[in-house]
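A.B. asks: From first to last, the protein sequence lines are chains U and L.
Using my numbering, the letters of the first sequence correspond one by one to residues 1 to 166.
Using my numbering, the letters of the second sequence correspond one by one to residues 1 to 169.
Quick caveat, the hints were computed from the structure, so don't treat them as lab data.
Ideal Cβ placement from N, Cα and C applies to all residues, glycine included.
One thing to keep in mind: the hints can contain errors.
Some chain L residues close to chain U (C-beta under 7 Å, calculated; not the full set) [unchecked claim]:
(1) Phe27
(2) Ser31
(3) Ala34
(4) Val45
(5) Glu111
(6) Leu115
(7) Leu129
(8) Ile132
(9) Met139
Have a look at the derived ranges for each label pair, beta carbon to beta carbon [to be verified]:
(10) U/Arg12 to L/Leu12: 23 to 29 Å
(11) U/Arg77 to L/Ala105: 50 to 56 Å
(12) L/Leu12 to U/Asp14: 17 to 23 Å
(13) U/Gly110 to L/Ala60: 55 to 61 Å
(14) U/Asp154 to L/Cys97: 52 to 58 Å
(15) U/Gly112 to L/Gly47: 46 to 52 Å
(16) U/Asp52 to L/Leu115: 34 to 40 Å
(17) L/Leu115 to U/Asn56: 57 to 63 Å
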Amino acid sequence: MALFGTETLGIRLDAVASIIQMSLTPVFLLTGLATLLNVFATRLARVGTRVDQAINALSTADAESAPILRDQLLHLRRRSLALDTAVVLGAVAGATTCTTVLLLFLGAFGNGSVDRVLLSAFAIAIVCALGAIIAYATEMLMAGTGIRAELVHDIRRQLLRRRYDT
Amino acid sequence: MLNAAADFGTPLDAIAHIIRMALTPVFLLLSLSALLNVFSTRLAVVGDRVEQITKALDTADSDHAAALKEQLVRLYRRTLALDTAVILSAVAKAAICAAVLLLFAGAMGDESVGLALLIAFGLAIVCALGAILAYTAEMLMAGTGIRAELAHGHRRHLLHFSAGRHDDT
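Please construct the entire structure, taking both the sequences and the accompanying hints into account.
C.D. replies: Right under this line is the structure:
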C-alpha cells in the first residue's frame, strides 16, 4: 500500500530499487513461462517433423496404409492446434507479466491509481499460464493416444501382411 | 536503504544488500536466456528447413517448385520475426546489465541515477515484451505453415496418384 502515492515527487534511487525488488515475482513468473515456451516449441518442432515424415510416407504408401497415414496427419493437425493454443496463451501470459512490471513502475511514479489494472494484468497472466498448461496437457494426452493407436495399427498391419503371405 | 553504503559504516553489509537488490535483474536475465534459447532453437529449425527446401527445389518440377517457393517466402518471414525477437532480447539483456551497474553506482553514493535506473529497467521490460510478441507472431506463422503444408501434402498425394496412373496406362 505504501507503494502507491508516497513516491510521486521526483524519482529517488531507493524508490526505484524497491520497485525492482517488488517486481521479483512477475520476473520469476516470466522465467517459468520462458521454460514452458521452450517445452512447447520443442514439441511443436517434433510434430512438424512427424508431419513431414507422414507426408513423405504418404507419397509412397499403398492403398492399405494410406488411410492410416491420413488418420495420423489429422491427429497431428489437432496436436499442432493444441500446441499453438498453448504457445499463444504462454506468450500472452509473458506479455501481461511484462505489463505488470511496467504497471508497477507506473503506479509508483505516475499519477493516478493503477491497482485495478495491475491486479487484472497479473490475474490475466496467471489465467493464461493455467490455460497454456491445460492445452499442453491435452496435447500430451493426444500424443499418448496417438502412440497407442499407432501400435494397434502396426499390429493389425502385421496380421494383414501375414494373412497375405499365407 | 541504499544510503547505508554512502556512510561507509559496514561496507560488506551494503554490498550484500546491493547483491540482494540485483536479484530481480538477474532473474530477468535468466528468463531472457531461456527465451533466447527458444528463439535460437527455432531459428536453427527454420534454417534447416530452408536448406531442405533449397535442395528440394533443385530437383522439383514446375508445379512442386511453386509450392516450395511459397514455403521459402514464409520461412523468410519467420526468420525476420525471430531475428527481431533475438535482437530485442539481446537489447533487453544489455539494459538489465546496465540496470545492475546503475544499482552499484547508486550504492557508491551517486543519488542521481534513479531516473537512469528506471529507464534501464523499463527498457529491459519493454524489449522483453517486444521479443515475446515477435515470437508469438512467428509461432502463429509456423502453425499456419504446418497446416498449409498438410493441405498441400494431401494435394500433392492426389497429384502423385493420378500421375502414377498415367504412367501405368
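A.B. asks: Return holds or violated for the Cβ distance of L/Leu115 and U/Asn56 against the range 57 to 63 Å.
C.D. replies: Check passed, 59 Å falls within 57 to 63 Å.
A.B. asks: Does the Cβ-Cβ separation between U/Asp154 and L/Cys97 fall within 52 to 58 Å?
C.D. replies: 53 Å, holds
A.B. asks: With respect to the beta-carbon atoms only, verify the hint that U/Arg12 and L/Leu12 lie 23 to 29 Å apart.
C.D. replies: 24 Å, holds
A.B. asks: Hold the hint about L/Val45 up to the distance rule: shortest CB distance to chain U must be less than 7 Å.
C.D. replies: 5 Å, holds
A.B. asks: Regarding the hint that L/Leu115 lies at the interface with chain U, is the smallest CB-CB distance below 7 Å?
C.D. replies: 5 Å, holds
A.B. asks: Using the beta carbons of U/Gly112 and L/Gly47, state whether their distance is inside 46 to 52 Å or not.
C.D. replies: With a Cβ separation near 47 Å, U/Gly112 and L/Gly47 satisfy 46 to 52 Å, so the hint holds.
A.B. asks: Per the hint of 50 to 56 Å, is the separation of the Cβ atoms of U/Arg77 and L/Ala105 within bounds?
C.D. replies: 54 Å, holds
A.B. asks: Closer than 7 Å between Cβ atoms is the bar; does L/Met139 clear it against chain U? Give me holds or violated.
C.D. replies: 5 Å, holds
A.B. asks: For the hint 17 to 23 Å, verify it against the beta carbon of L/Leu12 and that of U/Asp14.
C.D. replies: 19 Å, holds
A.B. asks: Checking hints one by one. Is L/Glu111 an interface residue toward chain U, by the C-beta closer than 7 Å rule?
C.D. replies: Holds, because the Cβ-Cβ distance from L/Glu111 to chain U comes to roughly 6 Å (cut-off 7 Å).
A.B. asks: Under 7 Å is the threshold here; is the Cβ of L/Phe27 close enough to any Cβ of chain U for the hint to stand?
C.D. replies: Interface hint status for L/Phe27: holds (5 Å vs cutoff 7 Å).
A.B. asks: Look at the Cβ atoms of U/Gly110 and L/Ala60 and judge whether their distance stays inside 55 to 61 Å.
C.D. replies: 58 Å, holds
Taken one by one, the earlier hints fail for this structure only at number 16.
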